[in-house]
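Colleague: Turn these sequences into a full structure, and let the hints guide you.
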Amino acid sequence: MATIATVELTSDLLSDNMSVIADTTLMKAGTTADDLDQIEYGVVEIATGDEFDLICSTPTATKASKLYVKNHSIDETYYIAITQNAQAIGKLYGGPNGSGDWMFIPADFHDAAADIAITSNGGTNKVEYALFHEGTALTTT
Amino acid sequence: MATTCGITISAGIAPGFGGISESMTLYQAGTLTDIDSTTGFQRRKLKATAAVDLITMASENIEPKDSVASKVYIRNIGDGRGNIDKSVGVTIGVNAERIGKLYGGDWMMMPLTCIDADDVTATPENDNTVVLEFVMFYEEA
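In order, the protein sequence lines correspond to chains A and B. In this text, residue positions in the first sequence follow our numbering: the first is 1, and each later residue adds one. In this text, residue positions in the second sequence follow our numbering: the first is 1001, and each later residue adds one.
Certain hints may be false.
[As the list claims (entries may be wrong)] Distance condition first, Cα-Cα at most 27 angstroms in a straight line; then the derived DSSO-like pairs of lysine-lysine:
1. Lys-1065(B) with Lys-63(A)
2. Lys-28(A) with Lys-1065(B)
3. Lys-126(A) with Lys-1047(B)
4. Lys-63(A) with Lys-1045(B)
5. Lys-63(A) with Lys-28(A)
Keep in mind the hints are simulated off the structure, nothing from the lab. Values in this document were obtained by computation on a predicted structure and should not be read as measured data.
Modeller: Printed below as a string of structure tokens:
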């Protein structure tokens, strides 16, 4: 079964309301019929000030991985800062009633330094993440 | 005024994975005040493999506040005439860091720092026509 990601974006900032609905089927890199078939999913709580690599395994580089991250903190002053390879990407704030920020990005993991790292700020942030990928370098016991 | 964005991921990867359905309201950083500025919905046609700035943070057309709660939505809509090639992608980057590749039909929603150096870049995989739709929401400096 395919994995399908759908977005629905609405805004009334402009004179006319904006509404965008789009979906995509998550495929392996460069293919038109071979779906992404592996997932790493988790929920973590990170104390303020701590920085961690969100993805613990090493996804195969330069593939078609997609990463979803949501901040489930209910305090709008709490946030997680996202970095990749020391490049600051942005911040995901918490919010009441499940309104906290999320992101959904293609994740390249182009080399060992390109991990997605998160830093917790304001308090303990509860973070949900899901990585859809097509292979990781598993650790031998 | 409000800007909201929902995501639904339906995945048949694992029988126990029930999918993801979440929404966020785009607030100004650390508050419950709606985000107040946008670039508006845009589309950019690319025909070469050279990297281009999709969003130039130091542009005089926008004056975003740095390191707050900005977000960008980007979608690869194929050649803009209804032909979407899932096998060819456009690499999206921030500053000099490549984030990942949007294949035909793929979309992303990502937080941004909006720091002047952190332009959002797009680098097509080949010189076939590809069109990106995008909109950025930010706080006015």
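Colleague: For the pair supplied as a hint, Lys-63(A) and Lys-28(A), confirm whether the alpha-carbon distance does not exceed 27 angstroms.
Modeller: holds, 7 angstroms
Colleague: Holds or violated: Lys-126(A) and Lys-1047(B), Cα atoms, limit 27 angstroms.
Modeller: violated, 42 angstroms
Colleague: With a cut-off of 27 angstroms on the C-alpha distance, tell me whether Lys-63(A) and Lys-1045(B) pass.
Modeller: holds, 24 angstroms
Colleague: Given the hinted pair Lys-1065(B) and Lys-63(A), is their Cα-Cα distance within 27 angstroms?
Modeller: violated, 33 angstroms
Colleague: Quickly compare the C-alpha distance for Lys-28(A) and Lys-1065(B) to 27 angstroms and report which way the hint goes.
Modeller: violated, 37 angstroms
Checked against the numbered hints given earlier, this structure breaks hints 1, 2 and 3; the rest are met.
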